[in-house]
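What follows is the residue order along each chain.
2 protein chains.
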Amino acid sequence: MAQTQTGPLPSWNEGPTKASIVDFVARVTESGGPYFVPPDQRIATFDNDGTLWVEQPMYVQLAFVLDRVKVLAPMHPEWKDKQPFAAVLNGDLKALAAFGEKGVAELVAVTHAGMTTAEFEKIVTEWLATARDGRFKRPYTELVYQPMLELLAYLRANGFKTFIVSGGGIEFMRPWTETIYGVPPEQVVGSSIKTRYEMRDSTPVLFRLPEVDFIDDKAGKPIGINSHIGRRPIAAFGNSDGDLEMLQWATLGASGARFGLIVHHTDAEREYAYDRQSHFGKLDVALDAAALNRWTVVDMRKDWKRIFSFD
Amino acid sequence: MAQTQTGPLPSWNEGPTKASIVDFVARVTESGGPYFVPPDQRIATFDNDGTLWVEQPMYVQLAFVLDRVKVLAPMHPEWKDKQPFAAVLNGDLKALAAFGEKGVAELVAVTHAGMTTAEFEKIVTEWLATARDGRFKRPYTELVYQPMLELLAYLRANGFKTFIVSGGGIEFMRPWTETIYGVPPEQVVGSSIKTRYEMRDSTPVLFRLPEVDFIDDKAGKPIGINSHIGRRPIAAFGNSDGDLEMLQWATLGASGARFGLIVHHTDAEREYAYDRQSHFGKLDVALDAAALNRWTVVDMRKDWKRIFSFD
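Protein sequences, first through last, are from chains A and B. Quick note on the working numbering: the first sequence kicks off at 1 and runs consecutively. Quick note on the working numbering: the second sequence kicks off at 1001 and runs consecutively.
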C-alpha cells in the first residue's frame, strides 16, 4: 500500500470506521449545515485505559500501586506477614486477586494517601519516568495509541474541546496528560480520594486522605461529566462496559449529530486481543449496545495501520 | 474628569488598585521576563456572590429558593402550617433565619432536587428571565459589576483562563455564566447535590437528589479548585471570609508572581456598604489577611467609576 496519504488520521486505514469519524466531524463543523454545532459545544470525552493507552496485562495504575508497595515495604516490616501486602511482595497476583476490591482499596490507601497533592504528583512523575512495561520494555507513556493521538489532535483542530473521563485516579493522570495527550489538567475527569486543606508554616497544602471521594466508572461517568464539564458531550470514546453509560449520555435521546466509538482490542500480535472474556476492559454489554445504537467499533487489527508511534 | 481613557479597564479609576492589576498582568506576560508564566498556567479564579454580582440584601440564589417555594406552594397545602415553609409563605425572613442552615437545607431540598438536571436548568433560566431585584428593579443578571466584567475580559485577552469558584450552586450558575461573564460551564466550580444516572424511555437523565455532595466554600474552595482545575491559580478574586482559603491557595508559599484581590463593599449609594458587620459577605479575617499578604483591596466607592453597566 502506498504511504502517500497526507490528510488527517494518517495511522487509520481507509474504510467505514475512519469514514464515520470524518463524516461526523464534517457534519458538525459545516457552517450553515443542518448538523452544525457551535465550537463551544463541541465536547468530546475519552476513556483512558484501553482507549488511549494499554491496559494489559494490568492497569498501569495497578502496576504503580504494586511498585509503590515494594518501595514502601522496608518501612513496614509487618507487611511480610500481612495480607494483601504479603501477596504483592511475593509477586503472587493470584493471591492478591482473591482479596478483591477490598484488597486493592487497602493498597490504594497506603500508596495514594498520607501525603500532599504536590508530593503525590512528584511520586507519580518520578515513577513514570523510570517504570517500564514488561512486554514492550518501554515507558508506559509510550504505550499510547498513535491513531488515538491523531484523533485527539484532529478533533481539536476542528474546534473540539477534548476531555479524558477515566475510572483511573484523576491525580494519577493529570501530571502527564497535557504532555502526552495535549489534554490539560482541568480537562481530566477521574476517580478521586478526599483531601483536607491545611496551612503548614504559612504554606497551604492539600493532604490526601485514605477515603474514597468519587468513582468515575460506569454510571459514575455521566455524573463526573456533569460535575466537571456541565454539558453533554457530542462525542464519546471508550473500550469497555465501564464506558457504556458515558456513550449513552453522549449519544442517546439528544438532538443533532452525535458520535460514539468503541475500541475493540483484536490484535494479539501488535497489542492484545480481548473482550468478553477479559477481566480488564470487559466488553460485553457495550459491544451489543454499539450495534444497537450505531456506535462505531474500531477493529484495531484492521483499522489501525500502526498502534504505537514506534511501530 | 475627562473620559478620554481608551486602555483596558475603563471603569476603573487610575490609582494603586488598578496599577496593581496592570503591573501583575504585565509581569506574567512579559516574554523572557523573570515572572513570565506560560499561558496554560495563567489560571484565575473568581468568587461570584459579592465579587462579580450583587449579594445584598440576600444571595440571588436564596431569592430563587423563596420564589420557588411560593410557586410550589399550591401543590403543598400542608406548607401553610409547616415550618420553615410557612415563614417563607408569610414573607417572614426573620422567622426563617431562626431555622438556620437546617431550615435553608430543607428549602433547597424541595426546590433544587426531585427533577432532572435538564429540568432544573430550565427552571433557573426561566426564573432569571423574569425575576427582578427589589431595589434596582432589574434582572439579577444586570446586577453584575462592570469593572469586574472588564477585568475578566482583560485577563482573557492576556491569555488567562478564567474560572468561577463559588459557594453557590454549580448548576444554578452554569446556565448563564457563559452569556453574562464569558465563563463556560466547564469553568464553573460550585456547591453541588448528588445526582443519579437513569435511563428513561431510552433517554439518559441525571436525577437530582436531596443530598449534599460538596460545599464549595472556605476550605472547600481549594479542594474544589484542585478537583476541577487540578492546578493552583496564580490569581484569585473574592470579597469575604469564604474566599480566604482560595486566596491563600492561589498566592502563598508558591514561587513566581501571584495576585490576590478582595472587593470591599464601600458604596452604600451606588451599591451597598458592608463588611465586618454583615451576615452576608462577612469580611473579617480576610481583610486583615489582605494587609498581611499584600492582597489588593478594591474600595468600590473610590476605585470604580461605575458599578453597573447602566450607571
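Mixed in with the good hints, there may be bad ones.
Said to hold, decoys possible - Restraint ranges, calculated between C-beta atoms of paired labels, are given here:
#, chain 1, residue 1, chain 2, residue 2, range
1, A, Glu211, B, Ser1255, 41 to 51 Å
2, B, Gly1253, A, Ala73, 46 to 56 Å
3, B, Ala1131, A, Glu211, 48 to 58 Å
As the list claims (entries may be wrong) - Chain A is nowhere near these chain B residues, computed Cβ spacing over 10 Å in every case:
#, residue
4, Thr1017
5, Ala1026
6, Gly1033
7, Met1058
8, Lys1102
9, Gln1248
10, Phe1310
Since the hints were derived computationally from the structure, they do not count as laboratory data. Source: prediction; values computed, not measured. Note that beta-carbon positions come from the ideal geometry of N, C-alpha and C, so glycine has one too.
Q.
So, against the hints stated earlier in the document, which numbers end up violated here?
A. 1, 2, 3 and 9
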